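Please build the complex by placing chain B on the supplied structure of chain A, with the hints as guidance.
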Amino acid sequence: MAAYVIRRILTGILILILLSLVTFLVFNALPADPAALTCGKSCNPQVIAANRIRLGLDQPLYVQYLDFIKGIFFGRTYGSGTATFKCDIPCLGYSFRKGEAVTPLILKALPVTIWLSLGAFVLWLVPGVLLGIYASRRQGRIQERLVLGSALVGYSFPSFFIGLLLLFFVVIRWQWLPYPNYISPFEDPVQFLQTMILPWITLALVFMAFYIRLTRNQLLETYSEDYIRTARAKGLREGTVIRKHALRAGLTPIVTAAGLDLAGLLGGAIITESIFSLPGVGKLAVGAVVDSDLAVITATVLVAGTFIVVANIVVDLLYAVIDPRVRLA
Amino acid sequence: MTFLSVTDLQVSFSTEDGTVKAVDGVSFNLERGKTLAIVGESGSGKSVTSQAIMALHTGRGTTVSGQIELNGTDIVTASEEKLRSMRGNEMAMIFQDPFASLHPFYRIGSQLAEAVYAHRKVSKKEAKAEALRMLNKVGIPNPEQRIEDYPHQLSGGMRQRVMIAMALINGPELLIADEPTTALDVTVQAQILELLAELQAEFNTAIILITHDLGIVADKADEIVVMYGGRIVEQAGLHDLFYKPQMPYTVGLLSSVPRLDSAGNRLLSIGGQPPSLINLPTGCVFNPRCAAKNPDIAPRCESERPELREVGENQFVRCHLDEEQREKFATTRLAEVLEGE
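Residue numbers (our numbering), protein chains in the order written: chain A, 1 to 329; chain B, 1001 to 1341.
Honestly, the hints are just simulated from the structure, not real lab data. No experiment lies behind these values; they were computed from the predicted model shown. Backbone N, C-alpha and C define an ideal beta-carbon position, used for all residues, glycine too. Take the hints with a grain of salt, since some may be wrong.
Stated by the list, open to error - Selected chain A positions facing chain B (in silico; Cβ < 8 angstroms):
#, residue
1, G140
2, E225
3, R229
4, R232
5, G235
6, L236
7, H245
Said to hold, decoys possible - Here are the simulated lysine-lysine pairs, BS3-like style, with alpha carbons at most 25 angstroms apart:
#, chain 1, residue 1, chain 2, residue 2
8, A, K244, B, K1124
9, B, K1082, B, K1121
10, B, K1125, A, K244
11, A, K244, B, K1082
12, B, K1328, B, K1293
13, A, K70, A, K108
14, A, K244, B, K1121
15, B, K1128, A, K244
16, B, K1034, B, K1244
17, A, K108, A, K86
18, B, K1124, B, K1137
The shape of chain A in the complex, shown without the other chains:
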């Protein structure tokens, strides 16, 4: 088991190295000249040339890449002489657009995205699984069709549509909530909730439908298993049969999907963050793309990739917790 974990972590690191390399190369292949982007309208060739050297952009690509990787683990210093800038570990680059190191930018945006993702995660997973169980218990009846049908409606609308709809009616038309303005929950929990509730619902509506269907399908499959019949033959209550026997057996794909969906969101819920002006990783990434801010783009891709890789490992380890046969294999 320990060997398996170590192997998975090493593969994960390898994937991240490849990911960073590809991102780095792709964005450097873009026609935008990063050195030219460092100054605004007042740019002249001398400043650009000077900045090119300060940023190390005059070096060959592989040197730039190695400097980038080195920066993550050891930090780095840009420029020389009087105009130096120290970028601390883990240094993910320097954004001239924002005149800031990238790492603090990400660290500032990350809590917003984490709150958004976790809240939405709970809000779609719990009702999704519960409604899935309910639908499976009412197979072939009107209740099942009602649940699956309304889930499909949520599923079919893109998140920007649901988000805008909620924003328009709840905030603008009915004025039930103030206009979203993100604040840390530790500073002002009420305003935090007022801001987050609509984005949470938006994301939850989009994801929930999938979990309802997944849970229902998994359960319908396990209901016909022999061990479910055994559980009933033992005289267990129907609730126990479903919770302890059927749901546990059908859990694996739900855990996989949930883990990967959560990780995907943690990398930035681009549309939802943009609609509700949440200063999260997704909004940071969109802004960076608009500004051709290569350092920020590379860093956000890497952060999102890290979440996915870590989630994959966690999900695989959870398999072993759920299914003892995996543990011994």
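Chain B only, in chain A's frame:
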């Protein structure tokens, strides 16, 4: 009072292709400590019958009617809570495939304990002690260690022993064994049957043994019910059924049991397929495959459903042939097998 009495049991499923009458008019009685074998091919209704006794037909579109009285309680009309309290407590069941029948994610100790908790208020320690006691009883070596195992860590025979331990842990008076040895190695089959017989003697359990193999019931059953197409076609005591089979189908089953002690080694199979339960043949359900066809009564066999009638002491048969014709067919057919023609 009869311990278990099944009267005119009917089970039907409604499917997209029409209504399937899986069990039609099955009746039998069973006393404590006795074994009733239900023999038949796949689709004969034997498993459906047994699951009706356990009240495990909960699916929509399933209709169960008739009477199943166990200790005076009618299972067909009992409330779900009453049935739950009976399952695993007064009546228990083991299944064909012990691997598929044990939950793959739980240790066998916890699966056994769960059966105890379902019916008794006991502490964790007591439940574990019960589990150990039963594992010992069914002949599992090192039960203290095995109790921590998952089903996939046990052999097929061990798994079926665990299933038996789980079924008997609350001391039920009725045990239904649905093809308990079919998925097991031949060498293990006899051990499991032997174990069932021992435990039956100890607990005075009534057993319904469901099988397609007449060979395994030969020295285990007191009474045998032969089912075909959802109906009982012959019912008799063990001795009568083996030595005086009446129904051509029973004769066919007997001639298809491989025997080591007969010189002739010809094995006779019953031609054709079991009938489709949606579209049963008119007349005798077995008629299309019947080897005892007789021109004198053939029209009757094709058009009229025979009734189950008593032909000897506690022997019933569903056949239009008269006694002489049945006896003649059985004698010549079995002689063919024994002599290898």
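Hints versus structure:
no.	hint	verdict
1	G140	holds (6 angstroms)
2	E225	holds (7 angstroms)
3	R229	holds (6 angstroms)
4	R232	holds (6 angstroms)
5	G235	holds (3 angstroms)
6	L236	holds (5 angstroms)
7	H245	holds (6 angstroms)
8	A/K244 to B/K1124	holds (18 angstroms)
9	B/K1082 to B/K1121	holds (17 angstroms)
10	B/K1125 to A/K244	holds (21 angstroms)
11	A/K244 to B/K1082	holds (21 angstroms)
12	B/K1328 to B/K1293	holds (12 angstroms)
13	A/K70 to A/K108	holds (23 angstroms)
14	A/K244 to B/K1121	holds (19 angstroms)
15	B/K1128 to A/K244	holds (19 angstroms)
16	B/K1034 to B/K1244	holds (21 angstroms)
17	A/K108 to A/K86	holds (19 angstroms)
18	B/K1124 to B/K1137	holds (20 angstroms)
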